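Q: Based on these hints, arrange chain B on the given structure of chain A.
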Amino acid sequence: MGVTSVVLLWVLGACALTGGVLVFTLNSMARVTFALLGSLVCVGGVVTVLGLPYLGVVTVLMMVMEMLIMAVFMIAYMMNPAGLMPMSMLHNTRGALAVSGAVFGGLVAGVFLVPWPGRTGRRPEDTTFQVGAALMGDQMLTMVTLGFVLLATMVGTTVLATRRGRYDRFGDDLDQRPGEGPGGGSGRRPGEDPGGGSGRRRAEGPGGGGAGR
Amino acid sequence: MVEAGAWWTPLAAPALLLGLAALAVAGDAALDARGAGRSVTPAGVLRPFLAVPRALVEQPRRLPASDRWLWRLGVVTVPVAAVLSTLVIPFGNHVAADLSVGVVWFNAMEVMTWAGLWLAGWGPNAAFSLVGGYRFLAQGLAYELPLMFALISAATGARSLRVSGVAEAQHGLWYAVWMPFAFAVYLAGVLAFSFLGPFAYPAGRDIADGVLGETCGVDRLLLRAGRWLWLAAGAAMAVPLFLGGGAGPWLPAWAWSLVKTLLVLGLLVWVMRRLPVVRADRYVEVAWVVLLPAAIAQALVPALVGLGAG
Chain A
1 MGVTSVVLLW VLGACALTGG VLVFTLNSMA RVTFALLGSL VCVGGVVTVL
51 GLPYLGVVTV LMMVMEMLIM AVFMIAYMMN PAGLMPMSML HNTRGALAVS
101 GAVFGGLVAG VFLVPWPGRT GRRPEDTTFQ VGAALMGDQM LTMVTLGFVL
151 LATMVGTTVL ATRRGRYDRF GDDLDQRPGE GPGGGSGRRP GEDPGGGSGR
201 RRAEGPGGGG AGR
Chain B
1001 MVEAGAWWTP LAAPALLLGL AALAVAGDAA LDARGAGRSV TPAGVLRPFL
1051 AVPRALVEQP RRLPASDRWL WRLGVVTVPV AAVLSTLVIP FGNHVAADLS
1101 VGVVWFNAME VMTWAGLWLA GWGPNAAFSL VGGYRFLAQG LAYELPLMFA
1151 LISAATGARS LRVSGVAEAQ HGLWYAVWMP FAFAVYLAGV LAFSFLGPFA
1201 YPAGRDIADG VLGETCGVDR LLLRAGRWLW LAAGAAMAVP LFLGGGAGPW
1251 LPAWAWSLVK TLLVLGLLVW VMRRLPVVRA DRYVEVAWVV LLPAAIAQAL
1301 VPALVGLGAG
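Line by line, the protein sequences are chains A and B.
Residue 97 in the working numbering sits at position 97 of the first sequence; the count goes up by one each step and never skips.
Residue 1034 in the working numbering sits at position 34 of the second sequence; the count goes up by one each step and never skips.
In isolation and in its complexed conformation, chain A is listed as follows (with noise of 0.2 Å):
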């Protein structure tokens, strides 16, 4: 390893350090975000100077997307519009102080204690290849399970929270067209008994449906 990854390395490391003990210093949860935000993004980069590009940059990829649906969710629940009413993301000061120190001198134990094995062979050129080849060879009944659990939870999750189905928004046969607002739908509030067709109370209005009334 040259002596640019090596300073790479340590700075992308104190930045990613810096983001997560912002996370419990700032008030605001849009910043808290954006600052655990900045530290994964620093620890993509680790990952990408330690020679695995593929995973690096997904980290940041997947990151991004994450933690902006994330934000969406955090200050839809934390009631902080921008900060106005501080807030701390500190809860339970104590145990918390014992679990994190503990897991953290067991992880830095680790680094010392497990005996890593040394390079046998060249390093490959392309490590994407041996990546691919790694989760989807031996361990592909993991992975096709696991792709299986979260597919059902998504799908759950949206059934879950859809608050009308397509039967609200297309009429008992499909056949209706949904109205025209957001979230359109053939008139009829979720939950409601047909009573005999569901084409028979119109959306009216731009609302469109159920929605407003």
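Check before you lean on any hint, since a few could be wrong.
[As the list claims (entries may be wrong)] Partner residues aside, some chain A positions facing chain B, computed with beta carbon under 7 Å:
| id | residue |
| --- | --- |
| 1 | V57 |
| 2 | D126 |
| 3 | L174 |
Since the hints were derived computationally from the structure, they do not count as laboratory data.
These figures come from a predicted structure and were not determined experimentally.
Every residue, glycine too, gets a C-beta built ideally from N, C-alpha and C.
A: Chain B only, in chain A's frame:
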């Protein structure tokens, strides 16, 4: 073969991108003039660029309780990510950084726009800006997955994530020809991440320009430039991904790259003016019910062809 990392390439790539973006703005102004029944004159075409000196001398606007750091960060992120994305796009036989994961790099930089626009909407502490920022996230959820599968289709066909590798793997038969659906989805994605034309929803007129609404001066200039820079970067990336890169008869490679990029850019500018703005909640339905399954089926085609070829 593509030559990477000449000392002038990191300077040339942003300059070229800026030139292409300026051409797109000028083309848009020319189409504006023609649409309004005026004659297309050099003065009319250059008129949008008067906004540049005006923005540079404009007095900054201060808003109560705005989050200036995050706002500034978001405004800067959008054009900077657009410039960074071009580092992996080969132009002719030259590229600034021929990363082995160039396709993923482009995608990661494009996703930075999510962060940039949400921050630009959050920062000013103003309702319409915030609505604009959230609108972009909703739109992002709609366009991103089909776009990713379009990129995956091209990478699978080439069995490479290196952008120059994708361009070289096309041996005369462009991916745009045998993966037309992926190409179309990619072009729609380009319009979506530059939030222009039918995807101008986050900066919609109905919410007083949304994410752009509260910005002024250099901030506004950077955000608006970011849109057109992304359009140009997306058009430039379409060439190695789907149109065979710099390959072509008679002309040198850089000329073919330029011609193809200009054609894609012209197509995008023309198309974006002809389509109405689409609400994110409507687009997400099309994107997830129609585009996403079709994009997965499209990605299956190069995978099966690759398996068949052994």
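Q: Decide, hint by hint, whether the structure agrees.
A: How the hints compare with the structure:
Because the closest C-beta pair between V57(A) and chain B is about 5 Å apart, less than 7 Å, the hint holds. A hinted interface residue such as D126(A) counts as satisfied when its beta carbon comes closer than 7 Å to some beta carbon of chain B; here the least separation is about 5 Å, so the hint holds. For L174(A), the suggested interface contact is broken, since its CB lies about 13 Å from the closest CB of chain B, more than 7 Å.
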